[in-house]
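Sequences listed follow chains A and B, in order. To convert a position in the first sequence, counted from 1, into my numbering, add 31. To convert a position in the second sequence, counted from 1, into my numbering, add 31.
Heads up, a few of these hints could be off.
Any copy, or any two copies together, can satisfy a pair, since identical chains are not distinguished.
[To be verified] PhoX-like, lysine-lysine: derived pairs with alpha carbons at most 25 Å apart:
| hint | residue 1 | residue 2 |
| --- | --- | --- |
| 1 | Lys342 | Lys364 |
| 2 | Lys492 | Lys471 |
| 3 | Lys352 | Lys154 |
| 4 | Lys471 | Lys89 |
| 5 | Lys42 | Lys365 |
| 6 | Lys342 | Lys154 |
| 7 | Lys42 | Lys155 |
| 8 | Lys327 | Lys155 |
| 9 | Lys327 | Lys154 |
Derived by calculation from the structure, the hints in this document are not laboratory data. Bear in mind the structure is a predicted one, so any value in this text is a computation, not a measurement.
2 protein chains.
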Amino acid sequence: MITEEIIHRLKNIMDSEDRILMEKADLVSYSYDASFGTYFPDLVLQPISTEEVVGIVKLANEFTIPIYPRGTGTSLSGGPLPVHGGIVLDFSRWSQTLIIDAADTIAIVSPGVITADIDSEAKKHGLMYPPDPSSSHVSTIGGNLAENAGGPRGLKYGVTKDYVLGLEVVTPEGEVIRTGGRTIKNVTGYDLTKLIVGSEGTLGIITEAILQLIPRPLSTQTIMVIFDDIVDAGHAISSVLTSGILPSKMEIMDQASIIAVEEYQPIGLPVDVDAMILIELDGHPLAIKDESEIVKRVCLEVGARDVEIAKDDAAASKLWKARKLVSPAIVRKKPTKISEDATIPRSKIPEMFKRLQEIKAKYEIDLVVFGHAGDGNLHPNIITNKQDKEEMKRVEKAVEEIFATAIELGGTLSGEHGIGTMKAPFMVMELGEAGVDMMKRIKMAWDPNNILNPGKIFAEKGQRLVLVDE
Amino acid sequence: MITEEIIHRLKNIMDSEDRILMEKADLVSYSYDASFGTYFPDLVLQPISTEEVVGIVKLANEFTIPIYPRGTGTSLSGGPLPVHGGIVLDFSRWSQTLIIDAADTIAIVSPGVITADIDSEAKKHGLMYPPDPSSSHVSTIGGNLAENAGGPRGLKYGVTKDYVLGLEVVTPEGEVIRTGGRTIKNVTGYDLTKLIVGSEGTLGIITEAILQLIPRPLSTQTIMVIFDDIVDAGHAISSVLTSGILPSKMEIMDQASIIAVEEYQPIGLPVDVDAMILIELDGHPLAIKDESEIVKRVCLEVGARDVEIAKDDAAASKLWKARKLVSPAIVRKKPTKISEDATIPRSKIPEMFKRLQEIKAKYEIDLVVFGHAGDGNLHPNIITNKQDKEEMKRVEKAVEEIFATAIELGGTLSGEHGIGTMKAPFMVMELGEAGVDMMKRIKMAWDPNNILNPGKIFAEKGQRLVLVDE
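With the sequences and hints as input, model every part of the structure.
Okay, structure coming up:
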């Protein structure tokens, strides 16, 4: 498939042969991500300029070679997997641009910048870049843009897409376009910015982004609320949000999550409760002091067992550490973790918890639930062992039922992980044939040769959920 | 063009003949909007259900009849103008659905609901619908969605698009699709919601929308800041925004605006200042009390002549009334007002003011500048008389130069009014041929017969800016 002629032409496009990788030993690093399946590319290119990307894309069109853009490979849905071989575009050698323009409250970034660095730089100017996916210290902004990454702060601040003002994009046929710009308000034609962000690398290759920053809140306050009944936790979330307060985070941990953390690294969490909510308020110190008291009163009114307002930063850090420990804690039992992100309307959280317990019992699986309760973005995690083929078949069925349940409750297949390869077979279940067709029309109009990230979002003939390497 | 057969079929589609208008006297009401030009439709249909819209759209495809959806016609860019005749779809008879679901903090609305009513209903539940276009007491949400309406609160809260979670849409070929849903987080496939919102009725007819609401801030505080030099006003805006404070509104009025208001309805504004900024803070009362003092200090530091913190609601109302009076005040001089919305990065506000004064002098026009300074969305308004053909030619040239200047300064043709007929000829200037081409591909893939709102966004052969009826 990759002929001598193609290699020769690539060497002319790329300024250096060092950035063309073809050895098996190199390719293996690009064959997986944080989801399932192993797929080898034919070669890996490490472009360092928009011009190189243009050259590569034009060549790929000429020879119909798939291109798979890749950041650091933290995708939980198969976004960067080179499922049809071809070229992986690795942005790790691209020079890191991270410019903060405080007067315009924007950041200008290149695709390989680590997400957390944007907020760190913004902080120096009294500003904030709100999106905070759990992987933000590892993941690149390019991947975050492609997948429209979320995170705990989504509740108050929205997701990646809400902070993208403009893009430089190489189209699937190798044209360079600029979308949006430097202003919050822009209604000049169709919103290609928000179409491309979250399109999982299927509609264009992002080579630069202009991100909106906001004034950094002066202070934060963490509150832990514990419940004897998880249904009360659901009510508490709604009650807080209709009391005039919008917390920056509202995270839930079920009893299984709490126990797992305590068994892993004892922090002193109450293991006999049905659920725990961690709330973070941010803003003016006087406001959050008062709001903390309102949150306490509201939660106690709807049946919380106890409310603890963190006394200082150390106490707050300890609580957030507990939340962060859930993922490493739960994989101690079994090595394989399937992290779902089926998202439901907030009012359906108690029902979703009930249904998840039924699914757990029905398929005899190990299921732990935690996540971003404030915005209905739960993370049911199934703990298993992918070597255990029999159990994996039950897990696949359980995952399918989680998807169906989320949709039945008015929710969506994916809140923040993306469709990728994992959820492509379920798109029609949520969107209907006509809905998927309108998306496909855009893909075909933009990428007639199906060059960019083929095999993602849209199910291929006979495709089904596969969690076991075949 | 509209044959007896078509009328007959329409009578079968529509449940009642009363909602098919064909008399000239009726059509005249649908021939204009708040922009320029007069165009008569062949007939007006007043659907009351999604099924009727589907029937109409399918028929229109069969006979290639243009369809022009219309709310209350407040568009400043020609959005609803039936420039190629055909059918105007008037949503005024559609039953008004406005359901607040406080637990999910959403509103479900039908297209004909008056925008301001959504916030009024939300308020009863301690919630807020933030987008506040100046026309919100007259305009419908359907029109706001089509045009992605903005408003003063865009600075802190963003625009219409930022509050749309899901849509029911009739596609240009008459299929019904649902996009998005009820959750903040949703990355299931391409973001058709944000593509359709702001597409000016060219990609689908919105028949229902699910809108996100947020907790209503507990209080507001208005502050008036006056400047001897408008350049200092620009610096003050940036300084406030990097001091950890995000005001809900930051509106600017230049001296010409202030004088116009004082001559129209004397309020006691200082007419000898170069510019005035009106700031609104919202949030917790303790926070905004403290933030008001910070705003005062920061503004004085960068050279404000005076800062007045409104003592009570009555004082605040008086100041906001002054801002609202600018539009009626300036049309007293001459009857025709051309309201532009060219938007620039915030840091370029002082430069933009300078350039606007040069344009004013060069073309000898009457130019007043006010608008949403906090987000760079200025409203240069040209006051003229459209009967004065000679002056109108100069006005057309001045408008073109305003567009070019905004783009040169890194801004955009339209911040919140839309492209419509008015700005279509200038799209390539901002987006390049490739950028416009990618938009056209979507239009052609979705609407192969060019049925929906033809003549908008994309310039037709030879189209140029026309402010004078030919």
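Against the earlier hints, flag every one the structure doesn't satisfy and list their numbers going up. Checked against the structure, the hints that fail are numbers 1, 5, 7, while the rest are satisfied.
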